[in-house]
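Enquirer: Sequence:
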Amino acid sequence: MSVRGLSSCRAVLGAGGGRCGVVLREGPFTRAGGHSGWQPLGEDHGYLSASQPAAGRVTADAATDLYVLGEDLGDDDQDMRAFFHRGGTDVARVAGAVRVPDDGGHQVGGGPVTAVADFDKDGYGDLAIGRGQEQPDGARGYVTVQYGGAAGPDTAREPVRFTQDTAGVPGASEEGDRFGAAVAAGDVDGDGYADLAVGSPGEDLADKRDGGMVTVLLGRAGGLSGSGAKAYDQNTSGAAGAIENDDLFGLNLKFADFLHLARRSLPPVTRRSLPHDPVVRPPARPPACPSGRTTGRRTRPLHRPYARSTSHVRRAALGRAPVLCHDRVVADVSKILNRADLLLDLLGPVVGAVLLMTGVDTYRDGGSMAWPLMGAVLLLGSLWVLLRRVRSRRGRPGPSA
8 MSVRGLSSCR AVLGAGGGRC GVVLREGPFT RAGGHSGWQP LGEDHGYLSA SQPAAGRVTA
68 DAATDLYVLG EDLGDDDQDM RAFFHRGGTD VARVAGAVRV PDDGGHQVGG GPVTAVADFD
128 KDGYGDLAIG RGQEQPDGAR GYVTVQYGGA AGPDTAREPV RFTQDTAGVP GASEEGDRFG
188 AAVAAGDVDG DGYADLAVGS PGEDLADKRD GGMVTVLLGR AGGLSGSGAK AYDQNTSGAA
248 GAIENDDLFG LNLKFADFLH LARRSLPPVT RRSLPHDPVV RPPARPPACP SGRTTGRRTR
308 PLHRPYARST SHVRRAALGR APVLCHDRVV ADVSKILNRA DLLLDLLGPV VGAVLLMTGV
368 DTYRDGGSMA WPLMGAVLLL GSLWVLLRRV RSRRGRPGPS A
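Residue 8 is where the sequence shown starts when you use the working numbering, and the numbers rise one by one after that.
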């Protein structure tokens with residue numbers, strides 16, 4: 008990312024509990040670990056206990072902007088806030104701050120709890136903050152969204168709060184659900200509005216403790232809404248695995264375009280896929296070729312979901328171009344050859360009839376009898392072969408479903 012609008016990148020590093028708890032590591036970077044320097048962010052803080060940074064396009068300029076989630080320990084209230092740094096030459100200065108409502112001062116474990124995306128498609132980035140482990144409400148959890156404006160956070164618009172009791176959101180807010188333990192933003196349905204995935208790894212499902220669930224809130228004009236929200240778990244059709252105790256499905260979330268469909272796919276991470284580091288588990292693999300054999304040749308990528316494809320092209324690996332299945336290619340070649348044989352069978356009687364009529368005219372003019380005889384033999388033989396082929400095709404069983 009370029010927080011100054013320049014070609015070189017900068018890395019933002021948090022240092023919870025320190026003075027100026029976020030520093031900017033300035034690029035360009037080398038493979039040996041070299042960089043051009045360090046710069047503290049937010050020197051006007053007292054002691055900043057930084058939790059998580061979230062980078063994205065908030066304002067309309069080309070530079071990447073930055074939110075830093077944390078607590079200014081120099082303030083009397085020490086409430087959780089999202090401190091806004093506008094990208095550009097003045098990025099080190101705090102340009103604004105948004106208070107996290109109903110915060111109990113408890114940090115959230117698991118995945119990223121901040122995301123910047125344009126949920127209402129007004130050209131300004133919005134900030135979503137997940138609070139999945141607030142103790143005053145028994146870790147039921149919630150998500151708050153602060154919409155953006157021309158100068159950063161639009162404080163004229165009140166933050167919007169979502170829970171599992173919000174109208175349209177699947178499920179119910181229960182103790183220990185941890186709704187908002189992880190959030191991720193991306194355009195799921197391809198309508199141009201960013202959508203928000205919310206993990207609730209403590210959700211109990213199918214009599215399983217902490218099986219976990221992911222809820223997707225859809226973006227639209229006016230912003231995110233509970234209307235049309237969808238919930239996914241490991242018993243959802245197409246999802247890998249099954250609901251088990253302590254799976255913590257949705258503990259970590261990330262959007263990526265795995266199938267090159269110009270829209271985002273969501274691979275939730277479970278506790279079993281996170282032994283040490285947050286390694287993303289891809290979605291379930293599409294069906295392979297029926298015979299398990301491929302030609303080794305690749306075709307152009309399909310511009311539609313593989314689940315709807317009815318052609319002989321199957322996706323053999325996520326994010327890669329589809330391959331040709333050997334068995335279907337053989338079947339297609341056989342079909343072409345059968346059609347060629349049928350054409351030749353139809354051509355035989357025609358040639359035989361022409362040869363017979365020409366030979367008869369020649370015989371009447373005093374020519375040899377051999378030509379009409381050859382025509383008659385070819386005509387009768389071709390008709391016999393054609394009749395046998397038609398009978399064999401009628402008796403052949405159709406393709407199985």
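Hints are supplied without guarantee of correctness; some may be wrong.
As the list claims (entries may be wrong) - Simulated crosslink set (PhoX-like; lysine-lysine; CA at most 25 Å straight-line):
(1) 128 / 237
(2) 128 / 261
(3) 215 / 237
(4) 261 / 237
For the record, the hints were derived by calculation from the structure and aren't laboratory data.
All figures in this text were calculated on a predicted structure; none of them were measured in a lab.
Enquirer: Next, verify each hint and record whether it holds.
Expert: Results for each hint:
1. 128 / 237: 21 Å, holds
2. 128 / 261: 21 Å, holds
3. 215 / 237: 20 Å, holds
4. 261 / 237: Given that 25 Å is the threshold and the Cα spacing comes to 17 Å, the pair holds.
Of the numbered hints given earlier, the model fails none.
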